[in-house]
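Position chains B and C against the provided structure of chain A, taking the given hints into account.
Residue numbers (our numbering), protein chains in the order written: chain A, 132 to 432; chain B, 63 to 292; chain C, 6 to 183.
Don't read these hints as lab results, they were simulated from the structure. It is possible that part of the hints are untrue.
As a list, the in silico PhoX-like pairs of lysine-lysine whose alpha-carbon atoms are at most 25 Å apart [unchecked claim]:
(1) 191/A - 187/B
(2) 191/A - 255/B
(3) 191/A - 120/B
In this text the structure is predicted, and so the values were computed from the model without any measurement.
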Amino acid sequence: MTFEWIQIAYAALTLFIVINYGLIMTAVVRKIGARVGGRYGIPVWQNYIDLVKNFALRSKISHGVMFYLGPVFRLTGGIGLLLFVPTIYGSVMFQNFSFAGDLILALYFIFFGTLGMALGAGESGHPLAAIGVSRGLAQVTAAELPLALAVFAISLQYQTLNITEIVAAQQGSIFNWTLFTNPVATVAAMFAFVGTMMRSPFDVVIAPQEIPIGPPTEYHSAYLALMQTNRVLFPVAKVVIYMNLFFGGATNWAEFSIKVFSIYMVSVLIGVVHPRFRVEQSIRFFLKWGLPVGVLAILMV
Amino acid sequence: MKDVDKSFRKDTETEIPLREELQPRTVTAPDGQKIEIDPLQDYFCQEPPKVHKQSYLKIVEDFYNWARANSLWILGFGTGCGAIEMRPLMTPRFDAYRYGIQWRPTPRQANLLVISGYLSVKTLKRAIRAYEQMPSPKYVMGLGSCTINGGMYWDSYNTIKKLDEYLPVDLYIAGCMPRPEALLAGFMELKKKIRKGEGEGANKYAENFDWYKANQKSVIKDWDMPDYNW
Amino acid sequence: MMRDLYDHMKTRYRLGDLTEQRANLAFVDVAQDELRALLVELRDVHGFTHLVLLTAVDWIEEGRFQLTYMVNNRTANLTLGLRVYLDRKSPVGNTIHDLWPTAATYQRELREMFGISFPGSPRVDEEFILEGWTDMPPYRRDFDTLAYSQQTYAERGGRETHDPRDHMQKKLYPEGRP
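One chain only, chain A, in its complex shape:
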């Protein structure tokens, strides 16, 4: 893959579109939740106002260098995840920096933000942040196992580690999607998906009522704004990976937005009907149900 300078501008454009899409989509999801509950709900542009407000706050308190770097690392995880994955298949502009082994890098970036957050939250010195981070790392580790197995399964299936080639193999018909060619791997990966989306039943990490929102307890103003940006960017980037690996990718922005929204709604729908797991319950759940399905996926290929 050759590198050209214009790609940087294209990547920035991708980032801009995805952040705006994420801001509006999360607000729409909350709005839908409110409407289902009989409320009017927040305005769809509420996320923008919150962002501006948080950047506009006047006093900022630092707890050290790592405290600064926590949100930066987290945002890097989100941006990196997005930039090394082809967002729109077949488009020169939104191909981004995808290369031969990008699947491995993407797996790494999913974890990167959590690790950065762990360091930052540890520096903040708040005991509840430390509790939240240790829960988060334990749960994410357990949840990533089925995903890793599923990724092995499909890289065996397609004999490649390049996401672009995996997407290319799924084009043509809806029945070429990994969802239909390798349903077991898809199911295993969806375990990991709901587990890392920070939604109920796997949101004990931030549990607002119990440990006041866990890792970000001490974060405020611009730090919090960075994390909010990441909170809208990271799920979309993660959904893009899933979309590319299992749901045939997207060839234009309309298809992109519909698919991302539908996949995102999977975790939302599971979230609204399930109560919250405790950490040891969720880890046990992933090891008991997610892991065997992942192993099965590899065996079947």
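Just chains B and C, lined up with the frame of chain A:
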């Protein structure tokens, strides 16, 4: 007041000793070195709060104020019976979310502290800590007659009677207790104040810092925290 | 039922008169040195297993505190209040935290609010509700809570109080009482 009792005099002599873990002490390190520790000086930041200037351009400040007004994050900290009147605001009937009002679980992320009802001396200490940890600009709303003049706790030995002696209050909502509708009206009124640029309670607090601290320390006798909780 | 129990206990303990409020609620005066033996017997023999409350009354005119131990027999639905009198000048109660662990909390409260000491009760001298309280215990009747509040807390002017009796008299008979 006409019914002042002259014969009873409160005890003003007795001092509360500092808590044991906060007293200055000398610690011997494993290598024999002696270390002087004064926890209140060493463990906490002693800096007083600063007055924050507004943006240079009025239009920028107006834009910021608009954003602040439309994204009020309330600290979920209920001090009295009024906390029960805040919960219905999340329900379909009142639904405060549609005005950009949200509840945040930590003071670091909140902009509005609602003192919801009577404030005992013990709770006042926590409320001050929570208020000082919030990022500026921050707003305080006093709920109910207890925060205005003591309300039905006007003769209580343990509740304060005038909130604006201790914290810079932007807005009072009268009633005992005010209904959720009154609260919503209060939020709208606060929004108007912020849009006009009058929500400068944090700067007022920083300017009159010594006066507020003297008032706070006159009722909180076991002051065991730094003067400003960063 | 309650009367039978009283007559039964009366033979071995120095008890005051039985005050029967209802068929299943009665109060009786007890000597302080016999309180513990009585409570143990009520709990273990007669089935009064539940300590409903332990509270105090300040009889300032008689110069004594009254402690009320209310115990309940859940199977027979009987509630019995035992009243013990302490000297107001040096009030020292007998701790019963080993009979009912909850009593330790009541005793901490009584220590703080009335200044009644319970030697041996766990953490009884620590602060319970009040923080940094320097004055006399606030539930004693010679503590003037209004005067204390006026001398301590800032007030906002313009507060008016209306005594309901005076207010209605003025409203009904503007020219004075007929």
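Right, here's what the structure says about each hint:
1. With a C-alpha separation of about 23 Å, the suggested pairing of residue 191/A with residue 187/B holds against the 25 Å cut-off.
2. For the given pair, residue 191/A sits about 24 Å from residue 255/B by alpha-carbon distance, which is consistent with the 25 Å threshold.
3. Straight-line distance between C-alpha atoms of residue 191/A and residue 120/B comes to about 22 Å, which keeps the hinted pair within the 25 Å bound.
This entry satisfies every hint, going by the numbered hints stated previously.
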